[in-house]
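K.L.:
The primary structure of each chain is shown beneath.
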Amino acid sequence: MIIEGRAVLVQQDNVDTDMLYPGAYLNIDDPEGMKPYLFEGLDPGLREELDGDVILVVGENFGAGSSREHVVQAMKAWNIRCVLGKSFVRIFYRNCINLGLLAIVQPQAAEEIKANDIVRIDTKAGELSAAGRRYSIPQIPDFVLDMVSSGGLVSWASRRMEENTGP
Amino acid sequence: MPHTLAEKLLISHSEVDDASPGDIIMVRCDLVMANDVSGPVAFRQMERMGVQRVFDPSKVVMVSDHFMPAKDARSAALQKRLKSWSDLQGVYYYGQGRGGIEHTVLVEDGWIVPGMVIAGGDSHTCTYGALGAFGTGLGSTDIAACLAFGEFWQQVPGTIQVEFTGHKGSFVAGKDLILAVIADIGVGGGANAVLEFVGEGAASLSLDDRLAVANMAVEAGAETGIFPADEVTARYLDRRADREWHPERSDPDASYVRKVKIDLNSLEPLVALPHSPGNVVAVSEARGTKIDQVYIGNCSNGTITDLRQTAEILRGNRVHPDVRAIIVPASQKVYRQAISEGLIDVFVEAGAVVSTPTCGACFGGHMGVLAEGERAITTTNRNFKGRMGSPLAEVCLANAYVAAAAAVAGEIVEPASICSEPVR
Chain B
1 MIIEGRAVLV
11 QQDNVDTDML
21 YPGAYLNIDD
31 PEGMKPYLFE
41 GLDPGLREEL
51 DGDVILVVGE
61 NFGAGSSREH
71 VVQAMKAWNI
81 RCVLGKSFVR
91 IFYRNCINLG
101 LLAIVQPQAA
111 EEIKANDIVR
121 IDTKAGELSA
131 AGRRYSIPQI
141 PDFVLDMVSS
151 GGLVSWASRR
161 MEENTGP
Chain A
1001 MPHTLAEKLL
1011 ISHSEVDDAS
1021 PGDIIMVRCD
1031 LVMANDVSGP
1041 VAFRQMERMG
1051 VQRVFDPSKV
1061 VMVSDHFMPA
1071 KDARSAALQK
1081 RLKSWSDLQG
1091 VYYYGQGRGG
1101 IEHTVLVEDG
1111 WIVPGMVIAG
1121 GDSHTCTYGA
1131 LGAFGTGLGS
1141 TDIAACLAFG
1151 EFWQQVPGTI
1161 QVEFTGHKGS
1171 FVAGKDLILA
1181 VIADIGVGGG
1191 ANAVLEFVGE
1201 GAASLSLDDR
1211 LAVANMAVEA
1221 GAETGIFPAD
1231 EVTARYLDRR
1241 ADREWHPERS
1251 DPDASYVRKV
1261 KIDLNSLEPL
1271 VALPHSPGNV
1281 VAVSEARGTK
1291 IDQVYIGNCS
1301 NGTITDLRQT
1311 AEILRGNRVH
1321 PDVRAIIVPA
1331 SQKVYRQAIS
1341 EGLIDVFVEA
1351 GAVVSTPTCG
1361 ACFGGHMGVL
1371 AEGERAITTT
1381 NRNFKGRMGS
1391 PLAEVCLANA
1401 YVAAAAAVAG
1411 EIVEPASICS
1421 EPVR
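Going line by line, the protein sequences match chains B and A.
The first sequence: position 161 = 161 (our numbering), numbered continuously.
Numbers given in our numbering equal positions in the second sequence, counted from 1, plus 1000.
Chain B with its partners taken away, still in its complex shape (with noise of 0.2 Å):
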């Protein structure tokens, strides 16, 4: 799987979901309606960054809290394909990946990293580049690669009735 995107960063520690997405917008069920609140309580400035194919860059212990999938399904809405960061809490993690977004942990590169930098990320070759640099990534769990290019676990688990095999 060949990922290539605009980075735009997340810079501080411990983003948790209440900031991603606050608790008065969780009473809304659609990802069209949940895009507007983004990151409102981090930064809604932010959004005006999500323009095209963005990799969004964090930092360490990114997507504390909360189960709420409406922050991931609001990200996949705003067409971000891949969270490239530090480190990630794990129902967040989760969400990701359920919902077919890359989530990849390489502390180095989200470091380094800069803004608008173009970030091309290669599953097969377990590597990433930006600004001419490179990058081995973490090997990713077979199961997981294999959720995420299928698009998610609505389309995996949907594969796998087709197979009759159950999940």
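No wet-lab data here; the hints were simulated from the structure.
Built from N, CA and C at the ideal position, the CB exists for glycine as well.
All clues given are correct.
Computed, partial: chain A to chain B, Cβ under 7 Å:
#1 V1037
#2 P1040
#3 Q1045
#4 F1067
#5 R1074
#6 S1075
#7 S1123
#8 G1139
#9 T1141
#10 A1145
#11 G1221
#12 F1363
#13 G1365
#14 R1387
#15 P1391
Taking CB as the label site, the calculated pair distances span:
#16 A:R1258 - B:Q11: 28 to 34 Å
#17 A:L1088 - B:R134: 52 to 58 Å
#18 B:E163 - A:E1372: 50 to 56 Å
Position chain A against the provided structure of chain B, taking the given hints into account.
P.N.:
Structure of chain A alone, referenced to chain B:
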């Protein structure tokens, strides 16, 4: 191969004979739960999977609690959808006036017994670890797969053993134990791991205190938190749950990611200052911090134990004129118990507002959100920036004694300073 309690529960709910931390396995659910926020998004995803019916209606529970009672038409529509879907699928539905906050209701109504695996569309599903169950919070698409197939994928986590030594002193509660753990290991310290609570200090905790501890395991980034079931668990479940269960423990030679010890003998009441549950100080260090609102309730600390502690402080006292106090029993049962014990009268007499069970202001939904520049002390589980309203408000976390004492004093004080005062 020796295993920890959490590893045993996951392996016993999978098709594999053995597994080690890091392995990805499919895990069978004994119960799937969702609410008015996570449920409707999950139903949409289940439809997209092409599945019409849930895998087993007897193993699915829906609870309206987040925007309940509905704060506006959009919230009302979510609850309407939750009920009509539940009726169609034939699954148990807790609506307004029927239950209360999901985690409290599922525990007190006997849905949860030791050894179960519960998938919940809410991050605080880890609360069920208080009963020796593996409860884990999942997003809506995960929940959709659980509803459809009764399974979720899981990377087997390692286990961090948290040993509580000694016994807790007066005005110290479950909240302080878990705040001490989070302060020790950090908000990311439980990543890819389960917190297992053991030791004489753990064994001596009431079930309500265990609920408070397990509830906040997720604030350390842990997959879940778990207490091995014991006599306290058995007594709690007696005449409450009719499912069979057998106590299970970690093997003596099981391997742990790390071991942490917390000495309860020297533990004081604590306060988590804004804006992180890991920003923990002793209550004495926070003394003098002015407070605009006190909120006592939520899935970690809205039990009858918390309300009794609150009443101990508020009885004969008045809520400070500059403070708004909101008290939220976590369930209808807790509410009725508080009425029969005369606690609600104490709260209202003191000048507090008492609300029906709801997640309400805890997640910034409704019924007590904060204005810019305001500061609250709450018994809830998160004090993230903007969690309870304005991003320019501040939230401090504490046990019910400390929160109630702040309601009386108008600032953070040691609870002993209120209880030892003559009755006004």
